[in-house]
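From first to last, the protein sequence lines stand for chains A and B. Numbers 149 to 318, taken from the working numbering, label the letters of the first sequence in order. Numbers 149 to 318, taken from the working numbering, label the letters of the second sequence in order.
One or more of the hints may lead you astray.
Identical copies look the same in the list; a pair holds intra-copy or inter-copy alike.
[Claimed, not checked] Listed next, the in silico DSSO-like pairs over lysine-lysine satisfying Cα-Cα at most 27 Å (straight line): (1) Lys157 <-> Lys228; (2) Lys259 <-> Lys170; (3) Lys285 <-> Lys165; (4) Lys165 <-> Lys254; (5) Lys196 <-> Lys307; (6) Lys231 <-> Lys301; (7) Lys193 <-> Lys231; (8) Lys231 <-> Lys284; (9) Lys193 <-> Lys247; (10) Lys238 <-> Lys157; (11) Lys247 <-> Lys196; (12) Lys193 <-> Lys165; (13) Lys165 <-> Lys188; (14) Lys259 <-> Lys247; (15) Lys259 <-> Lys284; (16) Lys238 <-> Lys188; (17) Lys157 <-> Lys285; (18) Lys285 <-> Lys231; (19) Lys247 <-> Lys301; (20) Lys259 <-> Lys301; (21) Lys228 <-> Lys238; (22) Lys247 <-> Lys188; (23) Lys170 <-> Lys254; (24) Lys157 <-> Lys259; (25) Lys301 <-> Lys288; (26) Lys165 <-> Lys228; (27) Lys228 <-> Lys170.
Honestly, the hints are just simulated from the structure, not real lab data. Predicted model only: the values in this text are computed from it and were never measured.
There are 2 protein chains.
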Amino acid sequence: MKNLESLIKTYNDFPQKGIAFKDVLGIIQDPEVFRELILKMSSNKVIKDAEAIISIEARGFIFGSAISLQASKPMLVARKPGKLPGEIIKENYYLEYGKSSLSIQKESLEKFNSYAIVDDLLATGGTINCVANLIKKSGKDVIGLVTVVELLKLNGRSKFNFPVESFITF
Amino acid sequence: MKNLESLIKTYNDFPQKGIAFKDVLGIIQDPEVFRELILKMSSNKVIKDAEAIISIEARGFIFGSAISLQASKPMLVARKPGKLPGEIIKENYYLEYGKSSLSIQKESLEKFNSYAIVDDLLATGGTINCVANLIKKSGKDVIGLVTVVELLKLNGRSKFNFPVESFITF
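Only chain A is shown next, with the shape it has when bound in the complex:
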């Protein structure tokens, strides 16, 4: 996609030594490129086939909500512990740099039958796998993952038994 790569900056040793961080925030500073990307993401089969979207805190919200608007799909959020009110379901995960957990509002998850997961970046896949497990444990279907960036060397997609749609790879 024209210009997309030039808008993604790499920061070495962020957030910790040995990590080459891909910063997608430049994309949202260019309305034309952002629109082109969101139109492509929204018209993807994974989004079309899902009843709703789940976007992952916090950069996933940026792409998820624009897709939600464009595709007219309901959106739920997966957030860090302590951030969501009401009854939640929770699961731990391991990422490139540390351990954490994600939660989803139980009542919201029960409303829809199938979900597309949206995030900004696929690295090892730990975060996304965590969200997929939360969806499956609730008896709901994961249609696939839609992500802006995929880091091919880390082979995160090998963890999943659902399609992965990425729009730029490194």
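With chain A's structure known, arrange chain B on it following the hints.
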């Protein structure tokens, strides 16, 4: 606005005792209401007059990026410490329940001359004031605040010398 109020749930004593938390996430689960709200927010004078948007972590991203798409305005983000790579500018703030700080990428902030601040909720105004100070310290203009919910009793808007546009009040 039709249905908007019914989609905002109140959770008492969240995230801590004495706080009546307004959960805006129900809005994004109803694509028609979400679209109607985003169209109204995007066509607001504060958004139209600003060169760019700054949305505040993390629920602010949800409304900010949809407005950014709809209004074709560049978006920057204000985030908690340690979340943004590269050179940042930072300021402390006090909110209803605790102390924290927010940061913005310096290079991004320098790109545009005037900003509309976007968040989900105006309470005491501490967070928004912090972002406004970061913008002003960088010699840029704050055009105003666009927020979904305003808690009138806390009178957050008295802190600001710029217009506040809220779409539902409690």
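Structure-based check of each hint:
no. : hint              : result
1   : Lys157 <-> Lys228 : both (25 Å within a copy, 20 Å between copies)
2   : Lys259 <-> Lys170 : between (34 Å within a copy, 20 Å between copies)
3   : Lys285 <-> Lys165 : neither (35 Å within a copy, 31 Å between copies)
4   : Lys165 <-> Lys254 : between (37 Å within a copy, 22 Å between copies)
5   : Lys196 <-> Lys307 : within (23 Å within a copy, 44 Å between copies)
6   : Lys231 <-> Lys301 : between (32 Å within a copy, 24 Å between copies)
7   : Lys193 <-> Lys231 : neither (31 Å within a copy, 32 Å between copies)
8   : Lys231 <-> Lys284 : within (22 Å within a copy, 30 Å between copies)
9   : Lys193 <-> Lys247 : neither (32 Å within a copy, 44 Å between copies)
10  : Lys238 <-> Lys157 : between (32 Å within a copy, 21 Å between copies)
11  : Lys247 <-> Lys196 : neither (32 Å within a copy, 42 Å between copies)
12  : Lys193 <-> Lys165 : neither (37 Å within a copy, 44 Å between copies)
13  : Lys165 <-> Lys188 : neither (34 Å within a copy, 44 Å between copies)
14  : Lys259 <-> Lys247 : neither (29 Å within a copy, 36 Å between copies)
15  : Lys259 <-> Lys284 : within (14 Å within a copy, 43 Å between copies)
16  : Lys238 <-> Lys188 : neither (31 Å within a copy, 35 Å between copies)
17  : Lys157 <-> Lys285 : between (36 Å within a copy, 25 Å between copies)
18  : Lys285 <-> Lys231 : within (21 Å within a copy, 30 Å between copies)
19  : Lys247 <-> Lys301 : within (21 Å within a copy, 40 Å between copies)
20  : Lys259 <-> Lys301 : neither (36 Å within a copy, 33 Å between copies)
21  : Lys228 <-> Lys238 : both (9 Å within a copy, 23 Å between copies)
22  : Lys247 <-> Lys188 : neither (32 Å within a copy, 40 Å between copies)
23  : Lys170 <-> Lys254 : between (32 Å within a copy, 17 Å between copies)
24  : Lys157 <-> Lys259 : between (38 Å within a copy, 16 Å between copies)
25  : Lys301 <-> Lys288 : neither (30 Å within a copy, 41 Å between copies)
26  : Lys165 <-> Lys228 : both (23 Å within a copy, 20 Å between copies)
27  : Lys228 <-> Lys170 : both (21 Å within a copy, 18 Å between copies)
Violated hints for the displayed structure, listed by number in ascending order: 3, 7, 9, 11, 12, 13, 14, 16, 20, 22 and 25.
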